[in-house]
Each structure stands twice: as C-alpha cells, then as structure tokens.
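Chains P and C supply the protein sequences, listed in that same order. Going by numbering that gives the first Met the number 0, the first sequence opens with residue 0, and the numbers climb by one from there. Going by numbering that gives the first Met the number 0, the second sequence opens with residue 0, and the numbers climb by one from there.
Each hint can be trusted.
In silico DMTMM-like cross-links for lysine to aspartate or glutamate, where the CA-CA straight-line distance does not exceed 20 Å: (1) Lys8(P) <-> Glu101(C); (2) Lys196(P) <-> Asp40(P); (3) Lys133(P) <-> Asp149(P); (4) Lys29(C) <-> Asp218(C); (5) Lys33(C) <-> Glu176(C); (6) Lys112(C) <-> Glu102(C); (7) Lys161(P) <-> Asp139(P); (8) Lys8(P) <-> Glu150(C); (9) Lys117(C) <-> Glu101(C); (10) Lys4(P) <-> Asp126(C); (11) Lys161(P) <-> Glu206(P); (12) Lys29(C) <-> Asp2(C); (13) Lys4(P) <-> Glu101(C); (14) Lys146(C) <-> Asp126(C); (15) Lys168(C) <-> Asp2(C); (16) Lys4(P) <-> Glu102(C); (17) Lys188(C) <-> Glu139(C); (18) Lys8(P) <-> Glu102(C).
Treat the hints as calculated values from the structure; they're not laboratory data. Here the structure is a predicted model, which means the values were calculated and not measured.
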Amino acid sequence: MIFPKLILKSLLNRRSTVALTIISIAFSVALLLGVEKIRQDTHHSFSNTVSGTDLIVGARTGRLALLLYSVFHIGNASNNISWEGYKNIITDSSVAWSIPISLGDSHRGYRVMGTNTDYFKFYRHGRKQLLSFKNGRPFDALFDVVVGHDVAKNLNYTVGQKIVLSHGVGEVSFSDHGDKPFVIVGIINKTGTPVDKTVHVSLQAIEAIHLDWQSGYRNPVQAVSVEQSLALELEPKTITAFMLGLNSRLKVFTLQRSINQYKSEPLLAVLPGATLQELWSLFGLAESALLAITGLVVFSGLLGMLTAILGSLNERRRELAILRSVGARPRQILMMLCVEAGLITGLGIFVGVILYYLAVIIMAPIVETNFGLTLTLSGLSLINVYMLLIIQFSGILIGFIPGFFAYRMTLNTGITVRL
Amino acid sequence: MTDIIDIQNLRFRWPGSQTDTLSIDSLQIKSGEKVFIRGASGSGKTTLLNILSGVSEASSGLVSVLGTELKQLKSSTRDRFRAQHIGYIFQAFNLIPYLSMEENVALACHFSKERKSKVLAQSISLDAEIRRLLAHLELEDEVLSRKPVTELSIGQQQRVAVARAIIGKPELIIADEPTSALDSDRRQKFIELLFREINNSGSTLVFVSHDESLESLFDRSILLSEINKNQGEIL
Chain P
0 MIFPKLILKS LLNRRSTVAL TIISIAFSVA LLLGVEKIRQ DTHHSFSNTV
50 SGTDLIVGAR TGRLALLLYS VFHIGNASNN ISWEGYKNII TDSSVAWSIP
100 ISLGDSHRGY RVMGTNTDYF KFYRHGRKQL LSFKNGRPFD ALFDVVVGHD
150 VAKNLNYTVG QKIVLSHGVG EVSFSDHGDK PFVIVGIINK TGTPVDKTVH
200 VSLQAIEAIH LDWQSGYRNP VQAVSVEQSL ALELEPKTIT AFMLGLNSRL
250 KVFTLQRSIN QYKSEPLLAV LPGATLQELW SLFGLAESAL LAITGLVVFS
300 GLLGMLTAIL GSLNERRREL AILRSVGARP RQILMMLCVE AGLITGLGIF
350 VGVILYYLAV IIMAPIVETN FGLTLTLSGL SLINVYMLLI IQFSGILIGF
400 IPGFFAYRMT LNTGITVRL
Chain C
0 MTDIIDIQNL RFRWPGSQTD TLSIDSLQIK SGEKVFIRGA SGSGKTTLLN
50 ILSGVSEASS GLVSVLGTEL KQLKSSTRDR FRAQHIGYIF QAFNLIPYLS
100 MEENVALACH FSKERKSKVL AQSISLDAEI RRLLAHLELE DEVLSRKPVT
150 ELSIGQQQRV AVARAIIGKP ELIIADEPTS ALDSDRRQKF IELLFREINN
200 SGSTLVFVSH DESLESLFDR SILLSEINKN QGEIL
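Given only the sequences and the hints, what does the whole structure look like? Please build it.
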C-alpha cells in the first residue's frame with residue numbers, strides 16, 4: 000500500500016503547520032486532563048479525610064459548615080458544645096470510639112487542635128489508615144505537642160523543639176500564649192489531609208493556656224504559671240466538635256436522630272460522606288462549567304486542525320489530480336484525509352498526555368504548597384481514556400469534512416486542474 | 000490495426016446545463032498511432048480528456064477504450080482500468096512535491112498490480128526499471144535524484160512525468176499540453192524523447208495542444224472544433 004507512505008510524507012512536507020496543529024491539540028488535551036485531575040484529586044482528598052468516621056457532631060449550624068470547620072479547618076465554629084454533652088453521648092452503646100476536637104488557637108498560621116490520644120488510635124484517613132509517626136510519639140505530658148507533616152516541613156521543626164501557640168486563628172497573631180511554651184514530641188507522616196497542616200495538643204493543654212484568659216485577652220493579675228497549671232486537675236468545659244465511630248454502620252441513622260434531638264443543648268450530627276455529596280453538588284455547577292470550557296478549548300483545537308487541512312487542500316489540488324491520474328479512487332482520497340486528521344489528532348493526544356504528566360510532576364509541589372492539594376501521579380482513569388477516545392474519534396470525524404471536499408473536487412474537476 | 004479509442008455519438012452535458020459541452024459523432028484512434036488533437040481552451044478539450052481517462056462519464060453515446068466500453072464499468076473499476084492502461088502527462092506540475100523523482104515514477108505502479116508485474120517481467124526490479132527509464136530520459140544524474148523534485152527545471156519535471164506515464168508500458172498515453180510550459184528549443188527535444196519512449200513501449204499517444212507548430216510531427220492531426228459540434232456554446 001502506497002497510502003501510509005504518502006500520508007506520512009505529505010504530513011512531513013507540511014511539518015510546521017502540522018506541528019503547530021499538534022501542539023494546539025496537545026495543549027487542549029493536557030488542559031482537559033489537568034482540569035479533570037484537579038477535580039478528582041480534590042474529591043479524593045476531601046473524602047480521604049473522613050474515610051473512617053461515621054458521624055461528626057457539633058453545635059447546631061449548617062451541615063456543611065460543621066463538616067468544613069471541624070474536619071477541614073475551613074471557617075470557624077459559631078458555637079461550642081459542652082463537655083457534659085459529649086460525655087453523655089459517647090455513653091451510647093453503639094459508639095465504638097470518639098475523638099473530641101477543640102479548635103480556636105493557632106501557631107504561625109497553622110490551626111491548633113486540642114484532642115486526646117484516642118485521635119492517634121482511631122482517626123482513619125485515606126484507605127482507612129491510622130496516623131503514623133515520622134518521628135517521636137503521641138503527646139503525653141501537658142505541654143507536649145504533635146505537629147503534622149507540612150507544619151514540620153515548612154517551619155523546619157524537629158522533635159524536641161519548643162514552640163509557642165497563639166490565640167485566635169490569624170496568620171499573624173498579636174496575642175501569644177508566650178508564657179506556656181510547648182515541646183514538639185512527635186511529627187506525623189504525610190496524610191494528604193488537613194492533619195498535615197495541624198498542630199495537635201491535648202484538651203488539657205488547651206485549658207491550661209487559657210486558664211488566665213478572660214474574654215479573649217490575658218489577665219496578668221490572675222496569671223497561672225506553668226508549674227501551677229501542671230498541678231491542676233484540668234478538665235475541658237467545652238469542645239468544638241467530636242467525631243464518632245460506631246460498632247455498626249446500621250446504627251448511624253438512629254444515633255444521628257437521637258443526637259439531633261438531644262434535649263440539653265442544640266447539637267447537630269452529620270454523616271461526613273453524605274455531607275460531602277452536598278459539597279460536590281454545590282461545586283458541581285462550577286465544575287461542569289470548567290469542564291465545558293475545557294471541552295470548548297479541545298473543540299477549538301480540532302477546529303484549528305480542520306482549518307489547517309482545509310487550507311492545505313487548495314495547494315494540494317495538483318497532488319490529488321496526480322493521484323487520480325495514476326488511478327487513485329475518490330474514496331481512497333477521502334480516506335487519506337481522514338487518516339491524516341486522525342493521525343494529527345492521535346499525535347496531539349499523545350503529546351498532550353506527555354505534557355499533562357510533565358505538568359503534574361512540575362506543578363504538584365507548587366499546587367501543594369499554595370492550595371494544599373496533593374496531586375497524585377497516577378495512570379489515566381477510565382473517564383480520561385473515554386475522553387481521549389472521544390477526542391480521537393472527533394478528530395477522524397472532522398477529517399471527513401476536508402475529505403468530502405477533496406472527494407467532490409476529484410469527482411467534479413476530474414483529472415485536469417485549471418492552473 | 001484495431002481501434003484503441005472508439006467514440007460514437009458522444010454527448011456530454013454538465014448537470015443543470017442547457018447545452019452539451021461535448022458532442023462528437025465519431026472519432027477513432029488506431030492502436031500505435033500518435034495523434035495530435037488541436038483545440039483552443041474552451042473547446043471541450045478538458046472534458047474529452049476526462050472522459051477518455053474514465054474520470055468523467057459521457058451523458059450518452061459510446062466511448063470505448065481498448066475495446067472496453069467505459070460506461071459499462073463501475074467508477075472504481077474505471078479507476079483501476081486507468082491505472083493499468085493509461086499514462087497521463089499534465090501541462091505542468093506533474094510531480095508530487097514531497098516524493099523523490101523515483102517515488103514519483105513508481106507511483107504509477109502502486110495503483111496497478113498488472114502494470115507492476117509488467118515491469119517486473121522485463122526488469123529485475125521496479126527500482127532498476129525506474130533508473131533505466133530516467134537514464135533514458137537523460138535524468139540519471141546523481142545530484143538530480145537527491146534534489147527535491149520542486150527544484151528540478153520544468154523540462155526535467157516533464158521528463159519525469161513521461162517516465163511515470165510510460166513505466167509498465169500502458170497501451171494509451173494521454174498528454175495534456177505537456178510542452179506549453181517549455182520554450183521552443185526544449186519543446187522539440189521533449190517531443191523527440193517522448194516519441195522515442197512511445198516507440199519503445201508501443202503505446203498509442205493522444206497529444207492535446209493548441210500549438211500548431213508541433214502538428215506536423217504526428218501521424219495524424221485532429222481539430223477538435225471540427226469534430227465537436229457544440230464547441231461554440233461552451234464559453
């Protein structure tokens with residue numbers, strides 16, 4: 000068969016136009032894959048964070064708001080819940096474990112989370128993995144602190160170092176808990192969840208640093224020293240929220256109902272997975288819009304190819320007439336142009352995929368530091384493959400347009416082309 | 000001698016047109032003849048060549064080439080028929096710019112197995128035959144064969160076209176004003192080379208031109224305006 004050679008040589012003959020067309024398709028393909036990647040990895044990172052938790056309980060507020068501030072540390076709690084309420088609810092027979100969460104302080108822009116050691120025993124992320132330590136151990140003494148992977152990495156912290164927490168959650172705080180420094184006793188391995196950006200202390204520590212605080216500022220008259228606070232029997236009065244793990248998933252709805260109807264104070268229990276779905280439906284519109292725009296970019300890439308091939312047809316009238324004169328059939332010429340379009344699209348997709356992986360490799364650290372999103376290097380998903388197949392198919396289909404023009408040209412003007 | 004081309008009551012009319020573009024009652028060309036068809040542009044020349052080569056189809060009448068009535072063939076069979084039996088030389092730009100000289104000549108054999116096997120019956124390989132032909136046409140230069148065909152002179156390009164038309168010895172060679180882009184010295188030389196090759200292959204030549212000065216070189220000359228009764232109404 001002479002056609003493969005003809006097509007290749009013909010494409011090579013127009014290599015600059017063809018290369019530009021391939022690049023424009025490649026960029027659009029890389030963009031499409033990238034947008035899809037970010038979408039999937041965002042979903043992933045969110046659902047990874049709550050993979051092992053059955054219920055999240057906090058003061059009554061919006062379901063989404065509770066999930067976002069308690070687990071993802073986005074926004075702030077409108078209200079706290081009482082320690083008694085927490086104690087009371089976890090006595091329910093269906094509760095397997097609970098993790099109290101107390102938020103409100105920060106350390107150099109990172110959230111401080113007060114909890115207890117159950118956190119290290121029961122909190123699961125990703126594929127139901129427990130937290131593991133890169134260095135050190137869980138907190139034990141009152142002024143022990145365990146930091147997440149990113150905190151240690153970005154602030155260059157090592158086990159044994161002393162740090163000071165700040166009141167409030169701003170990036171820069173003017174009210175430090177400078178009188179009660181903490182010692183880093185542990186650094187948690189990377190999880191790809193908000194844990195990486197969290198400073199963990201015990202609930203008692205949260206109480207201790209606020210002993211001499213009243214209405215948001217420190218009262219020096221009632222100052223409590225480190226030694227004094229160590230001697231005290233500290234019990235938290237309030238916490239921000241808590242996570243629950245149940246013995247049986249079947250009891251989730253029963254317990255959720257009873258918490259939501261809790262008499263002593265207004266509580267709200269949410270199912271993290273279901274609430275995330277609400278988040279996605281909220282994001283859905285923006286995501287579809289983004290995907291649609293990217294789709295249009297791909298389409299315009301293919302249109303660029305159409306323009307390039309159609310543009311080349313005029314100067315190729317001769318070429319087609321010569322092929323006709325030696326016996327090429329109009330149908331073969333149609334096929335030749337379709338294959339040409341298919342080949343350009345295929346190469347565009349191939350280069351696009353390479354471009355996409357290069358971008359993921361290069362961009363991953365930047366995206367991670369700036370947006371806290373971990374881009375994982377993974378194979379193409381089935382959806383990706385479908386997308387690429389659709390693009391490939393459209394490319395071949397678009398080839399029929401110049402193909403048809405050429406077909407008509409060879410049929411109508413015949414062999415003799417007017418010069 | 001048998002007729003290689005036999006045309007009777009040929010009528011050709013473009014779809015939607017009121018008048019015939021071509022109307023030839025009778026035209027016969029004998030096998031081995033070198034026929035000069037003289038016609039100004041617009042005399043139906045283009046249409047006649049399209050019909051003879053089987054690209055266009057007559058609206059009515061009989062057109063038979065090599066004893067085969069073209070109308071009886073399916074269009075794809077006509078394409079194969081052309082590949083096998085007809086060599087075609089254009090006015091200019093005969094070569095595909097991205098193929099080498101040799102590849103351009105070989106093109107004719109890629110669309111017809113019969114023509115290729117004819118070549119192989121006489122020569123050791125296709126390449127050898129191409130080289131022999133090109134040498135015969137004074138194109139054997141090493142430097143030439145490495146040049147892109149677009150850098151060849153027009154005369155050289157036309158000679159490559161002759162090689163492509165003649166390879167595998169098709170029965171009919173159609174030349175559509177192949178000399179019009181050449182100056183008069185080269186025109187004479189080109190015709191000589193063409194004739195030599197035609198004589199070698201024993202093909203029939205249908206040579207179309209408006210250049211009367213060449214007329215005397217041919218066995219027979221036909222004035223298209225005399226046989227085409229509708230030529231005045233085309234423009």
